[in-house]
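Colleague: Read off the chains here:
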Amino acid sequence: MSAPARSPQELHDTIAGGIGESPLRPDGTLKVRGEFAYSSDLWHEDMLWGATLRSPHPHARIVRLDVSRALAQPGVHAVLTHEDVPGENVYGLKFQDTPALAADLVRYQGEPIAILAADHPEIARQALKEIVVEYDVLEPITDPERAAHDDTLPKLHPGGNLVRHQRIVKGDPAATADVVVSGVYEIGMQDQAFLGPESGLAVPAEDGGVDLYLATQWLHVDQRQTAKALGLPLEKVRLTLSGVGGAFGGREDLSMQIHSCMLALRTGRPVKMSYNRLESFFGHVHRHPAKMYYEHGATRDGKLVYVRAKLYFDGGAYASKTPVVVGNGTTLSVGPYDVPNAHIEGWGVYTNNPTCGAMRGLGAVQPTYAYESQMDKLAAALDMDPAELRIRNALSEGSTVVTGQVVDFPAPVAELVQRVRDLPLPPEPTGARDIRELPGGASNTTHGEGVVRGVGYGVTIKNISYAEGLDDYSTARVRLEVLGGEPVAMVHTAAAEVGQGLVTLQQQIARTELGVTRVSVHPADTSVGDAGSSSASRQTYVTGGAVRNACRAVAEAVCARLGIASEGMTLTGGKVVAADGEVVADLAELLGDTAIEETREFHHRPTYPLDPETGQGDAHVQYGFSAHRAVVDVDLELGLVKVVQLDCAQDVGKAMNPDAVVAQIQGGSAQGLGLAVMEEILVQDGKVRNPSFTDYLIPTILDMPPMRVDVLERPDPHAPYGVRGVGEPPTISATPAIANAIRAATGLELLRVPIRPEHITGV
Amino acid sequence: MRVNVTVNGESRRADNVWEGESLLYVLRERLGLPGSKNACEQGECGSCTVDLDGVPACACLVAAGQAEGREVVTVEGLADGEALDPVQEAFVDRGAVQCGFCTPGLLVAAHDLIERVPDPSDVEIREALAGNLCRCTGYEKILDAVRDAAARKAVR
Chain G
1 MSAPARSPQE LHDTIAGGIG ESPLRPDGTL KVRGEFAYSS DLWHEDMLWG
51 ATLRSPHPHA RIVRLDVSRA LAQPGVHAVL THEDVPGENV YGLKFQDTPA
101 LAADLVRYQG EPIAILAADH PEIARQALKE IVVEYDVLEP ITDPERAAHD
151 DTLPKLHPGG NLVRHQRIVK GDPAATADVV VSGVYEIGMQ DQAFLGPESG
201 LAVPAEDGGV DLYLATQWLH VDQRQTAKAL GLPLEKVRLT LSGVGGAFGG
251 REDLSMQIHS CMLALRTGRP VKMSYNRLES FFGHVHRHPA KMYYEHGATR
301 DGKLVYVRAK LYFDGGAYAS KTPVVVGNGT TLSVGPYDVP NAHIEGWGVY
351 TNNPTCGAMR GLGAVQPTYA YESQMDKLAA ALDMDPAELR IRNALSEGST
401 VVTGQVVDFP APVAELVQRV RDLPLPPEPT GARDIRELPG GASNTTHGEG
451 VVRGVGYGVT IKNISYAEGL DDYSTARVRL EVLGGEPVAM VHTAAAEVGQ
501 GLVTLQQQIA RTELGVTRVS VHPADTSVGD AGSSSASRQT YVTGGAVRNA
551 CRAVAEAVCA RLGIASEGMT LTGGKVVAAD GEVVADLAEL LGDTAIEETR
601 EFHHRPTYPL DPETGQGDAH VQYGFSAHRA VVDVDLELGL VKVVQLDCAQ
651 DVGKAMNPDA VVAQIQGGSA QGLGLAVMEE ILVQDGKVRN PSFTDYLIPT
701 ILDMPPMRVD VLERPDPHAP YGVRGVGEPP TISATPAIAN AIRAATGLEL
751 LRVPIRPEHI TGV
Chain L
1 MRVNVTVNGE SRRADNVWEG ESLLYVLRER LGLPGSKNAC EQGECGSCTV
51 DLDGVPACAC LVAAGQAEGR EVVTVEGLAD GEALDPVQEA FVDRGAVQCG
101 FCTPGLLVAA HDLIERVPDP SDVEIREALA GNLCRCTGYE KILDAVRDAA
151 ARKAVR
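One line per chain: the protein sequences are G and L, in this order. All residue numbers for the first sequence refer to full-length UniProt numbering, where the first residue is 1 and numbers rise by one. All residue numbers for the second sequence refer to full-length UniProt numbering, where the first residue is 1 and numbers rise by one.
These aren't lab readings, by the way, just hints derived from the structure by calculation. Take these hints with a grain of salt, some might be off.
Covered, in the sense of this in silico footprint (three residues per stretch, anywhere, with C-beta under 8 Å from a C-beta of chain L), are these stretches of chain G [to be verified]:
hint, stretch
1, 34–42
2, 431–440
3, 702–709
Ideal Cβ placement from N, Cα and C applies to all residues, glycine included.
Next up, chain G with everything else stripped away, as it sits in the complex:
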């Protein structure tokens, strides 16, 4: 069967610009014309629409499942259950614990139970109602702290309810100090809320395999999990990336991949699945809510002596990325600070709440909110400026982090805090104010009376790329050929462009390394080697490194064809140029009608597992750092908050595309703002109460204040081009900056984010 009529495009648009410049996106024009094919736009003649039946209960036993009436509906072509899963009915990113379709036990509200394919999405939705499921409803387990310690609770999985426990001990865990502050902090469940819904089009192939066009963050991990469930060899399950409407971690776990392929293989027809927003809230994992107990000890002159913390992460029904959240959460638990003594414990647990997994800032968002709250509390106890306290304890190159790992690359934490502190503050309000700029906005709830202003800081450390011993790598294929008399490079990787601008970056690297003007980007698919995930702020580092390596291999092959050593040769302006500037060859003449193609991998330097008892080990390859300063106005009577200004300083190692870097920082900061004051999936007794954009609030253009962004470039000597991952840190440090500013304005403790009006008014 042929490729779909609406399918992923090769990106040929090239706008001049190499590394360090800010060329425009090659997909920009397609996107503003409405012609870019996102996964929900895919279309194939003769295609069917898939739909999913989901459990209404967070915890239940399935006692009867009858699909016969649904199958008898006109226009319905297949109805499938766990009995129809051709291969192994289990998948998972870290642990294999998630059924493709529930067999006997339902562990969360929204768990998929049956799937069907029909001629029209409405027929599909109506037919779902004809599927009969009888449940024996069970009491849900919803308290993560109890799930970690109470062995009398029912076991949700054969191994019990604990996904991972990690202890970290540094120095003297029982150290004492002159000044001690403690607090218990909670963070709600945030949603990635990417705009493009989970969608894909599965097309059955003549070889008995299937071609899946979809939006994802990691094609190969989807391929491996899907092929296993389908009982097919990898080469018969081919995945191609379509347009991705945002991801933020929410597309790391499978959603419709196995289901759409099962339906396509059963019906012999292309099957498209596209979730609506309600289903999207149930169909992907969320950010782990957490409860965190913290105690900080310091000397009277403000030097940290110790940190003790207990961190509980609610993983929900299946493990997903919970093991990594516990690893990141504990290893980053004291923040970007020099702390000689620490005793940290982290637990990730199974409950019957919605499954939690990857989201931007994975595992660092939660402790950063807690330790940055503590830093302000400590500053108050010491009667010290909060920025000064942070500067005094800032980590720097050569410091030893809580796991014993030495920071062997620049770590300008103090400078970031200084820079963000030194940015000019917005003018203090005087006289009559435009109500649209006040808390409550055009609702006309105040004209400035009862409004107080506060300033707060947030600083973070985030590990870049995968950790704890994973061989984290990417693959790139680069072809150089002559088209229309001009040398042209084609870059082909399996790395997912999810909006962050990786396609632009791939062109920039190829242009710089090969000295050509025209570079096109092949659609990402599984016909080239693994690129790993577009997550963990890693793609510029890892796939960027792979594209560089492949380009350099192409350059070497060019020199080999000339019979010269590549040493000292550069490819510039379509020519091979020697170190002394002499033009050795013209690429167009040299290549003629032949092409040079090379495929290379990039592996970052190794990391190591943590010691299970002490949590010591060189777990991370690199850290990113950012600092925010927030200014807020708070209406004390109504509890409404207006963020007036949000500024950020971040070290990016090397700004490969400075405009895109700033854009990442602005976008990430908006997500941090959302978590601070509005974004939360409300879960009660395991059930989601607000699965819609009406009730789950994400920041609008009215909520997001003006931002100043100060970008530092302190190259990491171990990273390609000196880059440091950019995507996650700004999301992490924005939240505590805003929470601290609201505390500064109100004098309230505010032990939970998002901070709601009732937390401020006390009503």
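Starting from the structure of chain G, add chain L where the hints point.
Modeller: Frame of chain G; chain L shown alone:
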């Protein structure tokens, strides 16, 4: 049922439309115009914003039958052939497009704003675009783009 509608200046007809179908579904799935996006289908995110008889509307909230005999302009109708509208040019040049899923709705809403208010203030831009969610950009570059688009239109 049959629905007749003028889309981007062209008379179009959709047959066998179900009573419950939205204008968004008809545009995307029956008329082959997937530019208007399906993000929440609840009128909350603005990704499906189209111009309906000169007024921006969420196509997901318009029943297909309500569009009978009316004029719709979608993102696909903003450009004049190969030439992009200034608002489209500005969004590309100012980096206001990341994943781009919100972009079509923002473009239609911003285009409407600049038609009504040729030189909008920041507060006016924020109010006009408050119904369009963007999850990637933090809106700063969208503001830049709308300011820039207004300036480009003023010059032409």
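Colleague: Next step is simple, just say for each hint if it's right about the structure.
Modeller: Now the hints, each set against the structure:
1. Counting residues of the stretch 34–42 of chain G whose C-beta sits closer than 8 Å to any C-beta of chain L gives 7, which meets the bar of three, so the coverage hint holds.
2. For the stretch 431–440 of chain G, the stated coverage by chain L is satisfied: 3 residues place a CB nearer than 8 Å to a CB of that chain, which reaches the threshold of 3.
3. By the rule of at least three residues with a Cβ nearer than 8 Å to a Cβ of chain L, the coverage given for the stretch 702–709 of chain G holds, with 4 such residues.
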